Structures are given as structure tokens and as C-alpha cells.
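Chains as they are written, first to last, in my numbering: chain A, 616 to 932; chain B, 236 to 752; chain C, 1340 to 1559; chain D, 1367 to 1886.
By construction, these hints were calculated from the structure, which means they are not laboratory data. Warning: the hint list may mix true and false statements.
Said to hold, decoys possible - Derived CB-CB ranges, DEER-like:
| # | chain 1 | residue 1 | chain 2 | residue 2 | range |
| --- | --- | --- | --- | --- | --- |
| 1 | A | L892 | B | P541 | 50 to 60 angstroms |
| 2 | C | G1445 | B | H547 | 50 to 60 angstroms |
| 3 | D | N1376 | A | H819 | 34 to 44 angstroms |
As the structure is a prediction and not an experimental result, all values here were calculated from the model. Just so it is clear, CB atoms sit at the ideal spot from N, CA and C, and this is done for glycine as well.
Here are the chains, one letter per residue:
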Amino acid sequence: MGLILAILVQGIQMVLVLALAPGLIGFTRKVKARLLRRQGPSILQPYRDLLRLVRKEAVLADNASWLFRNAPYLIFATTWVAAALVPTFAAGLHFSWAADLIAITALLGSARFFLALAGMDIGTSFGGIGSSREMLFATLAEPAMIMIVFTVALVAGSTQLSTVAEFMVDHSTLRVSLGLALIGLIIVALTENARVPVDNPATHLELTMVHEAMILEYSGRHLAVIELAAALKLLLYISLIACIFAPWGMARQDDGVLGMLVGVVTWVGKLAIGSFLMVLFETAIAKMRVFRVPEFVGGALMLGLLGTLLLFVSRSF
Amino acid sequence: MRDAENRRAGYVYLLMASFGTLMLLLAFGLLAGPDGDYAFSAIRTAEHVPWLAGLVLVLMLLGAGSKAGLVPLHVWLPLAHPAAPSHVSALMSGVMTKVAVYGFIRVVFDLAGEPAWWWAVLVLILGAGSAVLGVLHAVLQRDLKRLLAYSTVENIGIIFIGLGLGLAFKTNNMAGAAALAVTASIFHAFNHSLFKSLLFFGAGNVLTGSGERDIEKLGGLVHRMPETAYLFLGGCLAISALPPLNGFVSEWLILQAILLSPDLPQWALRFLVPASGAMLALAAALAAACFVRAFGITFLSRPRSPAAETAHEVSRWQIRAMYSLLVVCLIAGVFPGPFLDALSPVSQMLVAGAMPKQPILPHLSIIPISESRSSYSGFLVFFFIMMASWAAIRVIHNFASRAVRRAPPWDCGFPDASPVTQYTADSFAQPIRRVFGPIAFRAKISQTMPQPGDLAPARLTLSLRDLIWELIYTPIESAVLFAAERLNILQFLTIRSYLSLVFAALVLLLVLVATWA
Amino acid sequence: MERFSLDAAHLLAGGMVLVSFMMLYQNRILGLLNVFAAHAVVLSLSVAWQAYVQSAPHLFVTAAIALILKAIIIPVALHHMVLRLGVHRDIETVGGIGPTMLMGIGLVALSMVVMLPAAAEADPIAREDLALALSVILLGLLIMVTRQNAISQIVGFMSLENGLVLAATGARGMPLVVEISVAFSVLVAFIVIGVFLFRIRERFDTIDTQALDDFREGRE
Amino acid sequence: MSTLRTALLNAALTIEEQKPWPRITVDADTWRQATLAIAAGNATLSGLWAEPGAMHMAVLDDEDGALMVLTLATPDGCFPSVGLTHPPAQRLERSIVDLHGLIPEGTPDDRRWLDHDRWGVRAPLGTGASAPADGAPYPFLKAEGPPLHQIAVGPVHAGIIEPGHFRFSANGEIVVRLEERLGYVHKGIERLLTNTTLDAAAKVVARVSGDSTVAYSFAFARAAEAALGVGVPQRAIWLRALMAELERLANHLGDIGAICNDAAFALMLAHCGILREEVLRACKTAFGHRLMMDRIIPGGVISDLDDPAPIKALTTRIRQRFPRFVELYDNTASLQNRTVSTGHLSPELARRFGVGGPIGRASGRAFDARKAPGYPPYGDLDFKAAKREDGDVNARIWVRIDEVYESLELIEQIIDRLPTGPIAYPLAPALRERRVPQAGGLAHEPRDSASEGLAMIEGFRGDVLVWLRTDETGGVLRGAVRDPSVFQWPLLEAAIEGNIVADFPLCNKSFNCSYSGHDL
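All chains should be modelled from the sequences, with the hints used to inform the complete structure.
Structure below.
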């Protein structure tokens, strides 16, 4: 009985992240539009877009291979699994032991691997541009993420997100290293989600695109699945930051329905605040030059390294 | 052209191999000591003077390192491995380098006695350097097999990072942590032999099917060699340390070992270990970029040459051999527990500790230290990915449009079918070259762009310098040349002079033996 | 409570190190000035926190001085000066940003290694603060060394001075008089350098554009 | 008068009647000498067009801004190539080959330009022989080095811009060469301006490039008035300048925002977009059309400014708000990082190509058609042309910012000093009676031969050139227009040097050349 309930809660989490992800995108677009003194589309617009895309026929380039057709599903699946393993409204869910933070990072790495390959499949220059830039940024963003994980794990004594979240609730401490890790994680999140100083999700300029360039040849249901995966990724990163640095209000495994509900409400609140702050930052900054991004993300790597070093050093006293 | 290249490869290989053997012989000589007993048991029980043991480590690093391809002794490897036929290359890269690793482990962990903490420093620096420099070189290669050879250098570096961690923990009597590091390292060696062989077989298929190993001339092979493409992709995923394949498991375990290092008392190690963790992560991310490029340029896009256009799939038996390797890669990634358990006697022998017994339940997870610290279930991750993609496909196909239309690529309304309008391998690597190149290769470009209205071709020239070759080998080479020129005089001496030279050498040796005893 | 006050002090001191890194990362003078203002704000927060923790009301005065002088007056004045000189459109790091930041990491590690064992007997609030303050000082020096532009060098110098103030407040009991004199000396230095700047204006006008080319994108 | 112009006048075979600057027919040798003089930098090429049996070349004297048109008869269908020694002429010559079939002798570049092999005919204004419409592949220029790839951008772009194809040869992000291929919006303007009525021609010219419709109508009106010898009432002259400045204001505001938006700084676009919209609405209120299309006609303007209050309110509002956005631009370090030192155009190239407008003025070429050659009422107005030396994207933005302030200044001066009186002289009766109405009274000047007019107007992109030949009834026999973009487009290929692929959109937007005006 307990097992079935545990699996049920895990299932709810999986469905919930999937259901909320497009809404999060809609919310960020709405906030951005309001900040730019525009009305903006409805928050529900991404749902309508997805529906419209899946109903359309998919147009495939003549020389598209099986990889091009299957990659969207693999990208979606790996991202979804990763998103489902991040504690959102509740910590310590049944399957959260399946993968720790390093494995979640690597799962996103798998999604990126397939996306970059899909970008190269048709053989247009734009796909190549996107893939090559994406892999360049990833070469620094991934180690930065690992160093941030190190920092967090050294404080909390675990790379398991549930354990980390519970540790942070129980021993809420202000640590220099955690501050550094937070800044680093924000930089990584902006990079990974193709947000403004690194990439522009709203751009129409093919030559400046990163994420959009890779999916330029996708259409119909394939595009819908990839867009959904991108939305899931944004949700994942905001949830991740909330889970590590602001885990309060999160339900525990043995909490009742009420506790879970409180968890859900606070989680949605955190998502809204997180995405609002992100959009605020985006509005105030221009996109970087491509070769300034490695310095930006390299900064995150160094912050992670610095945080780890500080912890390694302070352990001795 | 290729002959000259092969001759050079053979020459460098011969030199490096004899150099390595010399170092190994000297190491064993030192281990055997004055008693001259070369039996392992005798060496193991003998008391080793610390500085002598240290010298043994250095000699082993030089000897085994040159055989395994540790930077900066790797120079022969990217020349020699591609020169051999592909199945031999697979053997060389996949298995032979591991023999050197075995020798290193055997001597340094087992025979050389108690390690000093600075051993770990040395091994970690060499390992981290090899990992990053190896993969940086790999990213820039055009020759598929040379790319794989450089990637071997990277993986040897990762293995040595693990071994360095093992040494660091062993010298501080942290048996559990040392067991984790050494097990991870050996598991990675095992994994590497699997996927590197798989990849070399794939490269061999490409060579057989198209006659071309320059990836700038390949492309679109996914249509003509679908099964090779499928298998090569599997190898790429594994070597890029992506879950749920095996490469991820071993690198994950090494990262877990790094997380145990704050307890180390030495300052140098405390700084070095997280730094080498960063290097390891950097190498893994660069490896992903490298193999996206390798697979994407070779198998995806459109053919860049007639050779690629007329490529054909290879025989079924070649394919089947590769399938078996891929299956083992998958099994080792999804059910790593039994593999780790199988390695526990080894770690027991080497560092007098073992990882916890890997439980079958719950979820077939592996647990490096304790469940509350970290766990990973390859099976669950694999199962979830499969379920999620299956669900997505079912939902989409049942409730949405299944219609597909084939059309020319979009490409801004100017679908130019010529192969030059797709990314080249060199272009793909340019951003990485630009970011890491100034440090690693002193990359320099110069550009002439004609003014508007001038129809002359624009020109870009690029110069890359292999700093290791220039800083280490070129001076040695010129020194040797210099010496050879001087020694050349000896050729024209009388017999009496030769005899006196030999006599002098004999006397010198005797004096040495006398002082040694 | 003791634990929390310690943590908060460390966090603020660490925040200063972080902002120092942000200064290293900036390659525009106006950006650098904004970050410097943030540096001073964090400093004044840190000093105010020390004042609260140590119950030393005179430190509040120091905090106020830091806030008003360094976070508002000096940045605003420099801002105007930069606009008048018209030098804010130049890119201005000497080395690459990556190597500079790596060097910064090395300096922080160095100051940790030097300070933590040396101040082992000091009270815990001072110990790590001292190490972080030394980091801020070293990073300030690094900024001064790696910048060619006189204004950036001034900013580097002042961030170094912020590090000194951080160290002084952490060490308990630096008399107010000293601090006021420090603050005024900085002000004097600032005025002197300001005059100096207008005199070397010609130097900016003759900056070789070839030097800019080296930082343009597309060059390797 | 410069020595070159004197020499040319002395070498002229005949001097034709063309107002306000002379047109001379020359022989091939003089043509060649003029070409060499232009290539040597003694004068600037300002236009090159053809008609059956003749080539015309407009030359701008750098000293006083006076123009001169050289005509060379081409009885055998050939003329000495200008592009051979002076590259800016190459694309004009290639267009002439495509449209008229005239052959430039010794041209370095004989690839087709406007003709994409889709028309079904060759040289539609010349022989008009039929040809296959199969869109043959276009040989792009070469680039050599380590394995390079080409990026084919356009003609269909994701944004709402005009069609044009850009071919990059690149090594990763490094641009080794950029080549443009334009001509997708070829409209046959030249044929539309052949043997037509004045009204129809005015409508066509007003639509050559929609965003500078005022400048084009202005230039056409002045050319027609010069050709027909008709005068314009004072109030109309001032209203024309008012419209031209409003157009410049609206477009510069739009451009400043759009350039920043290409660096993903959407805030600037939002702010500037609102200001631009206010300008357009004020234009609608004042002149009845947001873009003021067809408001200027030969002989005057068609809509009077009844109430200057909305325009005054507009300038006050922009003066209040615009400085804040300029400050925002100047203080946003991340934005400066993108614009400063990006897309550098050397003053030497700018001078050689005779590039006008903000692009030229950002690269140290101070040329402004309002100053020299100059046209009323700007001689009575107090303003100075903006100029910068840096030649990068930032400098081009700053020139536009300075020009926004200048335009505000000019608009205020015009509103304050706007003379009263009629806004147009009716043209047709004047022509019928062959009398020329003057501001002071009626001048009787009999005219009995076809006559020509040339006009140069400073649009927001730069100098617009219009040439007309009319018959005695006011009908248009032939016309030629030259957009400032013609000389700006090739320089974009040079400005990309040393930049990376991702910076191209920013460079391109800072140039903001017209596709339509170029393709004609």
C-alpha cells in the first residue's frame, strides 16, 4: 500500500511538471511583455501553440534520417526524467534515489547530445552554427555545474537532492560557498535555458541563434515535443535552485495530502518569483558576444571552484 | 604520402617504446634491489627506502605512462594507433594501453610499498593534464582514427586521476575511499576497452565502406551505413559519459571519490583534488563536443565527397561483433552493481578495502559509500527514459497528426544542395579552438579579405603549434642531433682507439658496481 | 545566534570577494563603476553587521561613511568624469579575462592558505574575515595591475582600500579616528588623481586603435 | 569651380540643357579620364544610368557639392567600364548589362546581378531576347584556407525585413568573406519612368523605397520643377523640409531601437518604438498620412499644416523623453560591449565609395546633401551635420542620435518661421501657357524643347538622386533614381571584416540599407 502511494505521488510529480512547464513559459513571456510596456499574449498561449503544432503535419527535409525523427522523443524523455527527479513540491519521493544531482546533469547532457546531433542532421549551416555554439557553451557549463554540485554536496554531505533539501531546511545556514554556488548556478541556468545574455529565445536573427538554430528545420509534432522539453528544462532549473537554496515549504514523503498541497502552492509561488526575477534581469541586459559567453560561464566554473576550495579549506578548522 | 607518415609513426613508436621499456627495466631493477630477486612476493615483502620507492614511481610513470599514452609521453600514440589496421588499432587503444595501466597499478599499489602523499600529486597532475589536453587535441582532429587515438589519451588521463585519488586515500589510510577510487578507475579502464574497441571498429567500417578516414570528406553515412551509424552512436554516447551507458557510471564514481577528499590532511591535495575534479568534468564535456562533431560530421548532413556518396555497409559479421560490444556497454551501464562487486577482491588486495556490496534492491542502485550520500540506478534511469519516450510517442501518435511531408530543407528559402553550405569539422571545432586554443596550441590566424569589388579569393591561414612537441621533444631532438654530429667523429678512429674506449667503459662499470655494493 | 552572526559576517565578507571578481570580469568602465558601488554597499553592510554584532556603535559611522562616500559620491563623480572624458567606450583589460580570473582564484586560495593557519588563535569571526579581506586586497591589486586605464586603476585601489576596512572592522577595535583619516586620505587621493586625469587626457586621445583590435572578436 | 569640372567642360562635345547642373556629352577618352579622376579620389561617383544608345554618369564635386552629368554615346553597345578602376560602379554596371545589354569594356565582374535567370528575357530594356527562366546557379566569390563552410542566409528571413541573400564563407565563427546577392525586389522602375505622365511617375518614385517616401517625392518634385522650370511657393518649401525632418526623425528613432533590439536589448526598441509611433501619429494628424506618402508634388505640397500644435507637442515630448533613452544606451555596459568596435568601416573606404547618410558621417565623411549641394530652405536654417570618426556600430548609433536632436531643432525652427501663403502652384496651366510662375510674379519664358532636371535630397539614409527628362507638355520621357543604399551595400561586405558571424545582424541593422531602393 505504502509503495503504491509512493509511486502515485511520484507519478503526480511527473504529470505536474509536464502540465506546468508551458504555463511557466507563458508566464515569463507575459511578464517580459509587461516590462516592455506591451500587453503580451495570454499565459495559456504556449498550450495553444503546442496543441496547434501537434495537429499539424510534420514537414521533414528530404535527407532527414531516423535520428532526426527520433531525437525529439529522446530529448523530451531524458529532460522529463531529469525534471521528474528534481524535488519540486515534495522531497524524498520514492524514485528520487534513482539519480543524484550529477546524474541529472548528465541526463540533461544526453538531451543536449541528441539535440546537437539533430541540428546537424539536415546539413544546413544554421544547424551547425547552433550545435557548435551549444557544445562550446556546454564544455564550460557542465564542469561549472559539477563544481556547484561539489560545493552543495560538501555542505550537505550528499549529492542526493532530497537529502540536500532536507539538510537545508534543518540547518539553514548562511555560507559564503553557498552564495558563490547560487550565483554560479544562476549563470549555468541562464546558459542552459538559452536565456538572454547568452541566447535570445525571442530572436528572429538566424545568425545569432543557438538553441533556435538547432531546431530550425523542425516542424509540427516534432517541434512541439522539443518546445515542451525546453519548457521542462526551464522549470527544472528554477525548481532546482528553489530546492537547494530555498527549500522551505516543501512537503516530506510522509506528509499528508494537506502538506502536499501546501508544498504545491509554495512551489508554484517559487516558480513565479524565480521566473519573474529572471525576466527582470533579462530586460536590463543585452545579449553577449558569442566569445564573451565562455568568460561568463567560465566565471560560473570559477565560482564553483572557489566555493569548493573555500569548503575544502575551512574543513580543516 | 601515407607511407611517409607511417614510417614516421613507426620511428617515433620505436623510440618511445624502447624509452618506455628502458624506464620499466630500471624501475624493476630498483625494486629488486641489491638482492636481485624479481619474484613479486619477494619485492612485496622487501623494505623500500622512501626515496628509492619515489624513484620507482617516477620511472613507472615514465615507463608505463609512455606505453599508456600519458601526456607528455603520448606523442607516439596518435601516430601509431591510426597507422595500424582498424581491428589492430582497437586492440592497441582498447587493450594494450590497459596493460600499461595494469603494470602501473601492480607496481605502484602492490609492490612499491607505502606511497608518499606527493605520489598522488604527481599522478593527479599528469592524469588531469592528459585528460584535458588529450580531448582538446581530439576535438581538432580530422582523421577519424587519430581522433579516437587522442581520445584514448584522454581516457588514460581519467584512469590516472582515479589512481591518483586512490594513492591519496591510501597514503592517508582511508581504505573505503581508496577502494572507491581504485574500483572506479579500473571500471573505467574496462569500460574504455569496450567502447574504444567499438568506436575503432566503427571507424574501420567507415574506412572499408568509403575508403576515407578524413571526416571533412565524409558525411551522410547514416543513410548508407545505417547499422554502423547506430553502433557508432552508441559508442559515442558511452565515451561521452552519458547515462544510461557505462562511461557515465565510472566517471560518476570517480566524482564521488573526489567528494570524499576534504578529509585529506595535505594542503596540496586539498587544492589539487577539486581542481582535478573540475578538469575531469571539463574533459567529459569536451569529449561530448568531440563526439558530437565526430558523429555529426561523419554520419549526418550530406556527403562531402564522392567517396562518401558511394559508401556501402560492411559485412554482417563485422556488424555483429560490434553489437556484442554495444550490448556489454549497455549492460555495464544499466547493471553496474555486479561489475563493481567483481572488482572488490582487486581493491581489497591493492588498498586493503572494498566498496560496499552493491545491493540488488532497491532499484538495482549502486551505492559508492552509503545510500544517504549518493546512489545511482542505471536500470531505473534507462527504464524511465524508455517509458517516457514510449509514452510520448504513443500519445503523439494516438492523439495528434501522424502526417509527414517530405520537402527540401528550409534553410532561409535558398536550399543550396552543394556540400559547402554545411558545417565542416574544422568550423565546428573553431569556437573551442578559439576559447582553449590560445593556451593549449598558441592558435594564430591571419586573414586577408579583399575589399568590395575585388574578386580575388579571400584567404584565411591558421597556425596551430603542438606546444608539448615544441617544448619537450624538439629540444631533445636537437640535442640528440648535436650529440650525434659530435659522435660521428668516432666512426673514423683506429682499432686501438675503439679498444681503449671499450676498456674505459668496462672499468667505469666495474667501479660503479664496487661502489654500489 | 552566535552561529548565525558568524555566518552572516562570512557571507558578507564572501560577498565582497564575489563582487571583486565581478570587477575583474568587467571590461567597460561604467560597468566597473557600478560594480564598485555594489562593492561599497556590501562593505557598508558588512561593517554595519560587525557594528551590531560587536555592539560597537562607532562602526555604524564607518558603515555610513562607506555607503555615502564610496557607494554614492565617488562612483557618481567618477561616472561624470568618465562621461566628460568620453573614455567609456573603450574596452580595457590588459590580459584575457579568463587567465585574469584564474589568477584571482589562485590569489584567494593563497590568502586562505596564508591567513587561516596564521590567525589560528584569533577569534573565529575575525579569522575567516581576515582571510577574505586579504583576498579582497589582493584582488584589488590584481585589478590595478591588469588595467591600463587610470580610472580603473583608481577603482582597483579603492576596492583594495575596502578590503583594508573590512580587515580593520573584523579585527575589533580600530578607532574611528583612524578610519576617518583613511576615508579622507582616499578622498584626497581621489581629488588629486581627478586633477591628474584631466591633465593626461591627451593620453586617452592617442590610444592606438590597433590596441583595440586585439580584443575584437574573430581574432585568435 | 574645381579644376576637374573646368577640364571636363572644356573637353565637352556638347553641353545639354539640364537644370540646375549641366550635362555634357563627351567622347570615350574624356569618359575614361573622368573615371580615372574619380578613382583617384578627385571627385565622387554619384550615379550611373543608361538609356538606349547612351550612358550617363553623375559626378559629385567634393569641393562645393556641385553635380555634373557626363554622357557617352554608345552606338556599338559598348562603353569603357567605370567599375574597372572604380569598384563602386560595378553593381550599377552589372544592372545596366542586365537591363540594357550595354557592355562595359574590361569589366572585372561579368556575373549577372538583377537578372536571376527568372525573367524569360535578356536585357528587357535592350534587345529583349528570350532566355530560359531556370534560375541558373550563381557563382559566388572564392575563399581559401582551412576547411571553410558557406552560410546561405536569405532571401527569406525570419524577421519582417526585405529579401536579400547573404553568402558567408566562414571558418566556424570567423567570417572569411561575405558576399551579397540582391535583386529579389526588382520592380522595373526604369521602364515605369519611361514615357509616362508626371503624376504616374511621381507615384512610382514615391514608392521606390517606402520608408523614405518623402525624400523621394521631394527629390522628384525638385527634378521635375527644374526640368519644367516651375517655381514653388515659400510655404511649400518649408513644409517639405518639415516633412523630410519628420520622416528622418521617425526612421532614426526606429533604427536606434531596432539596432539595440538586435543585441537582444528589447527595452530600447520598446521605448523608441513608442516615440516613433508618436511621430507617425503626429504626421497623420498634421498631413493626413502616417508616412506622408504623395504629400509632396511638383509645384508644392498637397496638404497644409493647419495647426502646428501637435508637432510642437511632439517635439517637446521627445525632448523630454529621448535623453533618458540615450543615457540608458550609453550606460548599459552590456550593450556598449556589443556596439563599440563592432562592424568597423574605414574612413578611406567610406570616402572612396562616396557613401552618404549616417553611415558615411559615422566614418568621417561629413557629406550632407542639405549643406552641399544644398537646397532651400536649409540655407536659411541653422543646423550642423553630425559627424563621428570611429566608424563602428556605436558611431552609427550616435550619428543617428545626434541627427534626432538636429531634426528636433530643425522642426522647431521651421514651425516657428513657417511662412504663410499658398502651398502649391498649379502646374498644368503654367505649362500650357509656357510661362513660369515665380514667387514674386510671373516670368514669361518661352520653352519649346524637351528639358532635363537633376535633384539631390538628403533622405534619412543619405543622398537620393533623381534625374528626369520631360517633354513640353510635362510628360516624363525618361527618369532615373539612385538610392543611397547603392553605395552603402558593398561596404557592408567590408565592415564585417574581423567580426564574427553572430555580429553580422548588428552590423547589418546599423547600416540598414534599403533592398527595394537598391533593386529598383
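For each hint, the structure was consulted:
Taking 50 to 60 angstroms as the suggested C-beta distance range, the pair L892 (chain A) and P541 (chain B) conforms, at roughly 55 angstroms. The beta-carbon spacing between G1445 (chain C) and H547 (chain B), approximately 55 angstroms, falls within the hinted interval of 50 to 60 angstroms. For the hinted restraint 34 to 44 angstroms between N1376 (chain D) and H819 (chain A), the CB-CB distance of approximately 56 angstroms leaves it violated.
Checked against the numbered hints listed earlier, the structure breaks hint 3 alone; every other hint is satisfied.
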